[in-house]
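Undergrad: Okay, here's what each chain looks like letter by letter:
2 protein chains.
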Amino acid sequence: MSNQADDLYKLRHSTAHLLAYAVLKLFPGVKIAIGPVIEDGFYYDFDFSSADLSVLKKQGIETINDKVLEVIEAKMQQLKQGNYKITQDWISVEQARDIFKDQPYKLELIQEIQTGKRDDFGKKDKVSVYTMGEFIDLCKGPHLNSTDEIKVFKLTKIAGAYWKGDSSRQMLTRIYGTAFQSQKQLDEYLTLIEQAKERDHRHLGKQLDLFVFSDLVGPGLPLWTPKGTVIRTELDNFVWNLRRKYNYEKVEIPHLTKKALYEISGHWDKYKDDLFKIITREKNEYAIKPMNCPHHIQIFARKENSYRDLPQRYCNTTMVYRDEQSGELLGLSRVLCITQDDAHVFCRETQLEQEVDIIWNIVEEFYTTFNFQLEVRLSFSDPEKPDNYLGERSIWEKTEAQLKAIAEKKQLKHYTAYGEAAFYGPKIDFMLRDSLKREWQVATIQIDRNMPERFGLYCINEASEKEPIVMIHCAIMGSMERFISILLEHTAGKLPFWLSPVQINILPISEKQAEYSQEIEAELKKHNFRIFNNLKNQTLSEKIRNAELEKVPVCLILGQQEAENKTVTIRLRGGKQMKNIKLPEAIKKFKDLNRTKQYNLT
Amino acid sequence: MSNQADDLYKLRHSTAHLLAYAVLKLFPGVKIAIGPVIEDGFYYDFDFSSADLSVLKKQGIETINDKVLEVIEAKMQQLKQGNYKITQDWISVEQARDIFKDQPYKLELIQEIQTGKRDDFGKKDKVSVYTMGEFIDLCKGPHLNSTDEIKVFKLTKIAGAYWKGDSSRQMLTRIYGTAFQSQKQLDEYLTLIEQAKERDHRHLGKQLDLFVFSDLVGPGLPLWTPKGTVIRTELDNFVWNLRRKYNYEKVEIPHLTKKALYEISGHWDKYKDDLFKIITREKNEYAIKPMNCPHHIQIFARKENSYRDLPQRYCNTTMVYRDEQSGELLGLSRVLCITQDDAHVFCRETQLEQEVDIIWNIVEEFYTTFNFQLEVRLSFSDPEKPDNYLGERSIWEKTEAQLKAIAEKKQLKHYTAYGEAAFYGPKIDFMLRDSLKREWQVATIQIDRNMPERFGLYCINEASEKEPIVMIHCAIMGSMERFISILLEHTAGKLPFWLSPVQINILPISEKQAEYSQEIEAELKKHNFRIFNNLKNQTLSEKIRNAELEKVPVCLILGQQEAENKTVTIRLRGGKQMKNIKLPEAIKKFKDLNRTKQYNLT
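These protein sequence lines map, in sequence, to chains A and B.
Residue numbers in the first sequence follow the numbering used here, run continuously in steps of one, and reach 602 at the last position.
Residue numbers in the second sequence follow the numbering used here, run continuously in steps of one, and reach 1204 at the last position.
Source of the hints: derived by calculation from the structure; they are not laboratory data.
Just so you know, not all the hints are guaranteed correct.
In the PhoX-like style, the derived pairs of lysine-lysine whose C-alpha atoms are separated by at most 20 Å in a straight line are [stated by the list, open to error]:
no., chain 1, residue 1, chain 2, residue 2
1, A, Lys551, A, Lys206
2, B, Lys852, A, Lys227
3, B, Lys879, A, Lys272
4, A, Lys157, A, Lys75
5, B, Lys852, A, Lys525
Partner residues are not named here, just some residues of chain B that face chain A (Cβ under 10 Å, in silico) [what the hints assert, rightly or not]:
no., residue
6, Val657
7, Thr827
8, Ala903
9, Lys905
For glycine and all other residues, C-beta sits at the position ideal for the given N, C-alpha and C.
Use the sequences and the hints to build the structure in full.
TA: Right, here's the structure in full:
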């Protein structure tokens, strides 16, 4: 999110107020909730249940839908022309209650200020309000000075959202918009949005037949088709091969566990609402695992470990489950069932730096393979709030200094974010920017001395004493589902050769080349390439069009000449051709592609 | 289990009665429950809670424990000498109630006969009883003619068991025993039992550090260590490589599902008590999957399939969960969390035979790799009870004829078991006999027209009509946990080279060979062998002893001569040595071992 102080923030914040102003003018009786600035824009939540919608009926619009956005935009343009000053006042809660007496959501917020439940736009008996013409809103600011500073804006979509995100409360109407300093910036943004729609992984998942949701199985629980499972398997193998080089070892664990384990780890409290809980036939309380660390700890703790046994590096690609609200689920980005490429390193303090360095290398190697740009966020503790964190301040300082030193030796751009640490330790978070310029938090390295303490983990050191150990949590993809969604959108489904569910289409031009195509197919299959030999009754251009639609990276075109000369014509995704290639040469090229993990032949 | 009519059955059945007779004589007030014949012997359940145990106290035995077995055996020997006739009578339930008036468990059984809840030893108003001296028992027989026909017997162990297997009922004391026609047979049996104890997979699992149970995670939920996970991964890859040859494709599914899916499939009813059920935060009913077929069906049904798209062969190694009673859990043999190497083939009727043939080949190739002997049980419907099965009789007959024809073309010994079919279709069950002569049901091939009908599965055939399809359920290992337990006990932990968690120990004789050992280690690691270079301060014989204890298949001994000549001495598990081997030659041997999956070099 933008820095609250910057101009874009103010611009969007004032435009959000302008939106609410317009809606209040258009639809008397509408109830207004909240309207924050978000990444790329803003939204405002409204309750239209008792609003007068007659202005819409006059324009032939029956209900609140996308068409309403234009009506509201027009009203906003008109109000903007009023050149209203935007001014702040501090008023008493009594005054505020009077101003907002017909606005129940605002009254609830005022009540929360008064009882100390929130302090973002006021404290106990005083609240901050901003005025824009006839419109007044509870707000901490900052804002533009007047509506004529608002440049270009656009309302982008309409959606449902629960008041306070609580599914037991009122369903509101959320109107999204964005605002920029210039038309050019807005146009660029809208182009990106349009591209994003085409690249939407939900759309691509269907088009490429990668995954499917079933009403009978339930929302947020993707089923992976054969093609989608190829992608999962290849990604998992890639991460495993990177880790294997550094002596990581696979472990395996069940998805169920007794409550007792998560009580000790603290997850039972922390994930209270997000746990899928079970009462067994013998009336014991169990849960489906939301995390793997406590299980891996049980494996580590199966025996007494000498310092010679450390580090131990366990990795485990496995599904964890979180009971999310169905309204928050979205394609593969937000699911109930998350496949983590999870790993935990158990090591001595003296080994920490070396182990972090190893993970960093793995992360970098993984993401640069896809041409993703990474930045590193050092998520450190807030030195002004030492009470927010477990353990000795001196240990925090030492660990943070270690992490900073590692970051400085590396090529990646890094920055420090104080206050972003986990309560149990500082983190290194890897931030990725995709081809649509969106930022994602992906891999993470977390230093943890809290769980080892809760579970009493130690090693026997050179002096035959029990020495507390430290634990590193790390994931390369993090959520495999989310990573695949990012990768699909980043590449618009044009996956690299090694990762493509079907790598090669064989395209005999006519029936006469059928036999030759089967020779080629048999030879390629010996090398485990993923092949489709298109022997359908289609023209070559139809066959090519299908391959392009399915985003197959390589086609082998087999005509009369190729059959006679025992060659192939390679056609790359996009159209580039290479003629007169002998099959062994082609196979060598494809093997190189698998090995180097380049996107495609160049 | 033995055929009820055969001599061994009668012998053991009468010995079970002799056991109960002896217990009643020794411990006045004991309540007797049931005493069936089981594989390898018999048991009898007793309730000692109100019994007079003074006879034990006199012998210095404080409570019911293993020492009691000898006391009871002596009493049985004494009673046997009485040469009692064993005779059957049919009596009225009133008479029976009078006879067993002090035996509440027997009264409950009589009540069940009268109300029609059971009919195994009587019907409504008549029950069968057998008399042996002063002892009388509810029993359908058959029995020996008199106690002097009882030859040799032995009580083997004592355990707890709930009345009727119901954990809400009384915990009883179960006394196990066995009986044979001759002392020689008994001795052979006891030798096998002794071997089995040494080979117990729970013991080996700990010794070889393969898996572990944690009280915090819960019973029946094994955690797999790095070494155990190697075995899982290698087995899974082996099955996958066998399947891949036949164009099977991997799919992946979540472990959770809405109730709705299992209502349609029928599992909600069928597995009622065995399902782990969940109520989500939004108050929906979910379950953890006990089977994968309905999920795979949802993947198949994601689009309309042409006959050209068939067969589709989905495979998926994934965990299923059954909520079993904790008293029934046992090591890896009986767990809550079962890893299935599950597969489902969706095909046309005309493709059925071919597909069954493929699976049969995979099963045979898999099990012969381990030198397991397989027999095939054709589990067919009972023609006298057509109502027990879904669908047309003619289709059953056709399918059973197909399966029989396939079996007859194959090398494996097969037999038909009428009445062993699933309610939805006939099965081919593969029965394995291990080195301890125990029989296990392992792989299975099940023909299913029921689920396709419930879910309305079809393909569009050549006439553009909807044609119902058929489904084959098949697993090679079945439960990976159970297969590993069988394999460990069969091999006494001496796993084949390709499957051994550590394949090679490098044993430098002294520090002088440390450098040479590291050269060897680096070279072997390039080829992905699983290596341990024992650089510990131990003598060669200590190093060899450790390798033997950990059942490592190959050691490379490196002394002065080997270092000078750049050779290795190969020492195989068990002791055989091969001297003066160049490393490339050794590597070739090891690669061959991985490829051929032989147990070890010969």
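Undergrad: Which hint numbers doesn't this structure obey?
TA: The structure breaks only hint 6.
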